[in-house]
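Chain by chain, the residues:
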Amino acid sequence: MAKQLWKQFGRFAIVALASALFVSVTPAQDWQDYKRPAPTAADWAALAQLPDFTGVWESPLGGEGESLVVKPGEKVKAPTITRSSKFPVFHGPPPLPLTPAWAAKVADLKAHAGEDTSAANCLPPGMPEIMGQPYPYEFLMTPGQVTIVGEAYMIVRHIYTDGRPLPKDPDPTFFGSSVGHWEGKTLVVDSVGFSPATTIDMITPHSDKMRIVERFKLLDPDTMQITTTVIDPIALTHPYTTTRILKRHRDWTIDEYICEQNNRNSTTSTGKAEVNTTPPPLNGPASDVK
Amino acid sequence: MRQMKTNLKQSVLFAVLLGAVLVTAGTATAHHGFADYDMTRQLTVKGKVRTFQWTNPHTWLWIDVSTDKGTVIYAFEGMSPNYLGRRGWSRHSLQPGDPITVTYFPFKDAAKKGGTLAKAVKPNGEVLNNFVPAGAK
Chain A
2 MAKQLWKQFG
12 RFAIVALASA
22 LFVSVTPAQD
32 WQDYKRPAPT
42 AADWAALAQL
52 PDFTGVWESP
62 LGGEGESLVV
72 KPGEKVKAPT
82 ITRSSKFPVF
92 HGPPPLPLTP
102 AWAAKVADLK
112 AHAGEDTSAA
122 NCLPPGMPEI
132 MGQPYPYEFL
142 MTPGQVTIVG
152 EAYMIVRHIY
162 TDGRPLPKDP
172 DPTFFGSSVG
182 HWEGKTLVVD
192 SVGFSPATTI
202 DMITPHSDKM
212 RIVERFKLLD
222 PDTMQITTTV
232 IDPIALTHPY
242 TTTRILKRHR
252 DWTIDEYICE
262 QNNRNSTTST
272 GKAEVNTTPP
282 PLNGPASDVK
Chain B
2 MRQMKTNLKQ
12 SVLFAVLLGA
22 VLVTAGTATA
32 HHGFADYDMT
42 RQLTVKGKVR
52 TFQWTNPHTW
62 LWIDVSTDKG
72 TVIYAFEGMS
82 PNYLGRRGWS
92 RHSLQPGDPI
102 TVTYFPFKDA
112 AKKGGTLAKA
122 VKPNGEVLNN
132 FVPAGAK
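These protein sequence lines map, in sequence, to chains A and B.
Quick note, the first sequence lines up with residues 2 to 291 if you use the working numbering.
Quick note, the second sequence lines up with residues 2 to 138 if you use the working numbering.
Check each hint, because a few of them may be wrong.
To be verified - Quick list of in silico lysine-lysine cross-link-like pairs, BS3-like style, CA-CA up to 30 Å:
#1 A:K273 with B:K114
#2 A:K248 with B:K120
#3 B:K109 with A:K111
#4 A:K273 with A:K248
#5 A:K273 with B:K109
Derived by calculation from the structure, the hints in this document are not laboratory data.
Bound conformation, chain B alone:
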């Protein structure tokens, strides 16, 4: 129950935060806006971690997704290590081969698979959020 409450609180905070990001895209996000991403839609996909780059100005996650037509690679852009490192993430958070469920805002370009990360959920239920207020995890 406590977990559910926490999740709800996080969702609300996230929505508020994202609202702020949308209005002020470019400045508040530092670095860049969301022209390449459809921030009005969220999708979810399951796969296995291929590579996780703990780098500035953004972290990047690639996962291998099994489909009828073979493995498809999805790419996800995350906030910087500086930002995520203060919010419960570390460079060890995602290891190659880890099963992972990713919720994301998709690329507008349909040829590109993936998008901006919303959250990554591990099989044990651990949630790694991409946009989190300072101090919260």
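This is chain A alone, in the form it adopts within the complex:
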């Protein structure tokens, strides 16, 4: 009897020890116990030696960022008139180099695509799409960190430049976990850990192996080039690189953008786009409610 109890206790002890080891080891691989030292005056002064990314930036042409996505070195082609549209149509970005299995998956998704995406319900797009919005971005630089505030959907990306490694087992998120370092005057940002709810382009899903490398640099004092490389060995046959341009607007500030304030658009669970055109009561609140 006593022998059996000891045996049971032994098993319990092994499990408990293993759990304790597991608990103590796992967080150490991530950021929970990464303690950043308090910035010194020298850390603040060192910021002045870096290229100045601070301020408010937007893609040219009123922010039609996606239309200006081209391969590095490739020029934006002139828009053309098509029969289906009275208006000039920009050539889109180069096609994604999908693996055969992924191409079949995307074809199936396209065949059953809804009329609109969940963004119509105010869910923000994830990386890399969130960087192609027709709204401005504000860059903030502080010791050990570059922060990007996206006006559309009021999103924030935290890029840690304090030397910490990428997390080994990050929770999947819309914008991923990002670390950055400077290569000369270029900020190189490496991001992993993306939510399966997000897509590479408007419809193409990514695998859990997706990694995104962005290179930010100034082409002239108020022009920034962002070269984005999507690496996904399961979805893509080779890394997919695009370039976009942002222009700085020194006279702009970032405005509030609460998508849920008066969102009259929506997509149903079956992907049907809907719009609510009911006028508000004349004697009701003027502008803040549906």
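Knowing the structure of chain A, use the given hints to seat chain B on it.
Same frame as chain A, but now just chain B:
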């Protein structure tokens, strides 16, 4: 003449912009695509401002249009206050009762009157465009 030139320039820029919007609808427009709207057609209607909502994610304008069968309410979706505010608009741009001429891309659903705003023109000739490149007005 200068005004005409400006208008022509704006029209071309608008057409180019819209082309970009059409190709990349959903992403470039942020927020949503144009499934509910017929973006190949433009219509124009005259009326009086009923309500103008200066709200995110879109501004909304309703106008009262007099017809043989009485007043009909038209609804127009515009770009966000953030976007329009940087392009010459403000929350005071359209006041209730203002006479207004609206050019728009109609709803595909014929039961719905109105659509996506292209431009609103005041009796004094002032033009408020819904899609304008940054810095232009």
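Hints, one by one, checked against the model:
1. In summary, the hint linking K273 of chain A to K114 of chain B is supported, as the alpha carbons are separated by about 20 Å, within the 30 Å threshold.
2. Proposed proximity of K248 of chain A and K120 of chain B is supported: the alpha carbons are some 26 Å apart, at most 30 Å.
3. Between K109 of chain B and K111 of chain A the alpha-carbon distance is near 22 Å, which keeps this suggested pair within the 30 Å criterion.
4. Between K273 of chain A and K248 of chain A the alpha-carbon distance is near 36 Å, which puts this suggested pair outside the 30 Å criterion.
5. Restraint check for K273 of chain A and K109 of chain B: the C-alpha separation of about 13 Å stays at or below 30 Å, so the hint holds.
The structure shown violates just one earlier hint, number 4.
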